[in-house]
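Chains as they are written, first to last, in our numbering: chain F, 140 to 304; chain Y, 55 to 401; chain G, -13 to 87.
No lab work stands behind these hints, which were simulated from the structure alone. Note that the structure is a prediction, hence the values are computed from the model and not measured. It cannot be assumed that every hint is accurate.
[Said to hold, decoys possible] Calculated cross-link-like contacts (lysine-lysine; reagent style DSS-like; alpha-carbon spacing at most 25 Å):
#1 G:75 / F:274
#2 Y:66 / Y:154
#3 Y:217 / F:168
#4 Y:66 / F:168
#5 Y:217 / Y:157
#6 Y:217 / G:75
#7 Y:66 / F:267
[Stated by the list, open to error] Chain F is nowhere near these chain Y residues, computed Cβ spacing over 10 Å in every case:
#8 143
#9 172
#10 195
#11 201
#12 227
#13 348
#14 365
#15 390
In this text, a Cβ means the ideal position worked out from N, Cα and C, and glycines have one as well.
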Amino acid sequence: MIELTAQTIPFYILAVIAVISALAVVSLKNLVHSVLFLALFFFCMAGFYILLKAEFLAAVQIFVYVGGITVLFLFLIMLTFKVADKRLRQTNEQWLIAFVMVILFGWLLVTGLSETNWEIAEWSGPEKTIPVIGKLLLTTYIFPFEVVSVVLLAALIGAIVIARK
Amino acid sequence: MSYLYQTDELMKLIYETLAGFCEQYAIPLLYLDLAIMLVAVGIIAGFVSVSVMFMVWLERKVSAHMQDRLGPMRVGPHGALQTIADAIKLLFKERITPQKADKWVYTLAPVVIFASAMAAYVVIPWSPGMIIADLNIGLLYLLAIGSVAVIGLLMAGWGSNNKYSLLSAFRCGAQIISYEVAATLSCLGVIMLTGSLSMVDIVNAQKDMGWPFIVVQPIGFLIYLIAGTAEVNRAPFDLAEAESELIAGFHTEYSAMGFSMFFLAEYANMFIVSAIAATLFLGGWAGPVLPPVVWFLLKTFGLVFVFMWFRWTFPRIRVDQLMVFGWKFLIPLAFVNLLVTGIVMLL
Amino acid sequence: MDLSHYLTLSAIIFSIGLYGVLTRRNALAILLSIELMLNSVNINLVAFSHFVTPALLTGQIFVIFTITIAAAEAAVGLAIINSIYRSAKTVNCDEINLMKG
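So here's chain F without its partners, still in its complex pose:
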């Protein structure tokens, strides 16, 4: 059964908020509201990262997702979305099939995941993760790190080229 401790209570609160805001993101008619719920969802994700002792990722999550991506979305939605669009249909004809398929897919995932036996290890991570992550990024993962930098640069230039004119 569900046991309530200092670890589980924050998890359940965050999980409920995350699922509700995710549902709001996909179902609300006003897209501005959708994006604001997405920001709330990103905050919940940062909360989970803190529960999983990944503080650095939590800060990066808020910095990049809430401060960057959400703001980009808000900008574009406020530029393209007309309030009158709220009255239009926001879903296409296949919503019923999609709903059934997604329920089946989710059920498959959850049963598959819960019946697998994972090798749980005792938590033994480093106390301060940032120096370790920094070292790993510049030694073991130096190649993906450089590739990702090039991808970012390409995306930056690409976005500018596509969006101007």
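Given chain F, put chains Y and G in place with the hints provided.
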């Protein structure tokens, strides 16, 4: 008297006394920690309101004296109580919501901005041991929380359903995002020198070195100061709320409580930016003779004064000038500064 | 708190995101749903990193890469939608059918 200087020992003493009480009456320590958190939040809220009132009064006085006027003189000695009178007047005003406004977004916007300003106070190091939470991601947390305010601005601009507000919110968002890059890059120099993101470690590193980081990172300090001015939307970068073109900008439609929250957040943010600059570049609480808290507040309010000085010295710049300056000058300069810092550290 | 809770949560959020991608008409809303799915994968990676290989931090490093790619994806995707909006005056996917004969 010595407790004024060794605040970390004072804090430890207070905590141990309270923990002793808890043990005596068999109260779990978790409750004590929660109670301490609540008290800390209360103290911060009190400090924010008092310091904002002081800063508003200071702003009016500084601007008046720079223009050879006297400024507020009627309420209290040298008008010291003027802001309290203004605040009371503001709170008793009617709360207005425009009919076509998006009610939820409109109501929540000032809350988001105010909350993001308040949350930053968690990692400000006032004095040894006097910090609500010495996170080991301290500086990153500050920068991340600061970026949340943009969402509040856009919410206010959109929720008001007013084209001037929306335009202002767009300008403001673009400006904050652009200058955030420069501010973050200028902080990176300090992080490289310290090897830690914790605010306490940064102060201690400067204490060990013997002089503040402004000596080795003068360009970083200048970039942070400029970017900080832009991030708190103060003159010469105040085009988001340019009174003469945008009728005050994103908070045009707000009155009473909503308006006062924007106002509080604006000055609280100015304090935060000054406090970060004081901690990163001026040595934070470190200093001779005077108690650490006094040093910290002196440095921070000194920088607040510099921001006010800027406001009455420089004319407002245009949007295109703002963007060109940020992207084509400030950010490349920050990169060069970072590169030079790295090369010097390697040698 | 164990791994299965996080995995279940992530599966639920992934499904919600998938539903959004399949059913929304607005291209921006589809991008929002994709962000949901990416985040659910991130929470998975961090949970595995925390519970299965805590000392290696591999999951956290991969999340850093995912976040970077997500940022690039959002920037390019929004630029494309912006230019589509300029030529087609709509961002609804089922109305953008210039290639249809």
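Hinted pair residue 217 of chain Y and residue 168 of chain F, Cα distance within 25 Å: holds, 22 Å
**OP:** May I ask you to check that residue 201 of chain Y keeps its beta-carbon over 10 Å from the closest beta-carbon of chain F?
**Re:** violated, 3 Å
Check your understanding: So is residue 172 of chain Y really clear of chain F, every C-beta pair being over 10 Å apart?
Key -> Check passes; 15 Å lies beyond 10 Å.
Check: Under the criterion that the straight-line Cα-Cα distance not exceed 25 Å, is the pair residue 75 of chain G, residue 274 of chain F satisfied?
Finding: violated, 48 Å
Beyond 10 Å on every Cβ pair: is that true for residue 195 of chain Y relative to chain F?
Since the minimum Cβ distance to chain F is about 5 Å, residue 195 of chain Y lies within 10 Å and the statement is violated.
Note to self: Check the hint pairing residue 217 of chain Y with residue 157 of chain Y against an upper bound of 25 Å on the C-alpha distance.
What the structure shows: holds, 17 Å
Next item on the list: Classify the label on residue 390 of chain Y as holds or violated, using whether its beta-carbon is more than 10 Å from each beta-carbon of chain F.
Entry: holds, 18 Å
*10 Å Cβ clearance of residue 227 of chain Y from chain F*: Its Cβ does come within 10 Å of chain F, the nearest being 6 Å, so this is violated.
Run the C-beta distances from residue 365 of chain Y to all of chain F and say if the shortest one exceeds 10 Å.
holds, 26 Å
query: For residue 143 of chain Y, which was marked as not at the interface, is the minimum beta-carbon distance to chain F over 10 Å?
result: holds, 32 Å
* Given the proposed pairing of residue 217 of chain Y with residue 75 of chain G, does the C-alpha separation stay at or below 25 Å? -> Satisfied, since the Cα-Cα distance of roughly 21 Å is no more than 25 Å.
### Task
Grab the minimum beta-carbon distance between residue 348 of chain Y and chain F and tell me whether it stays above 10 Å.
About 31 Å separates residue 348 of chain Y from the closest Cβ of chain F, which puts it past 10 Å; holds.
The structure shown violates the earlier hints numbered 1, 2, 4, 10, 11 and 12.
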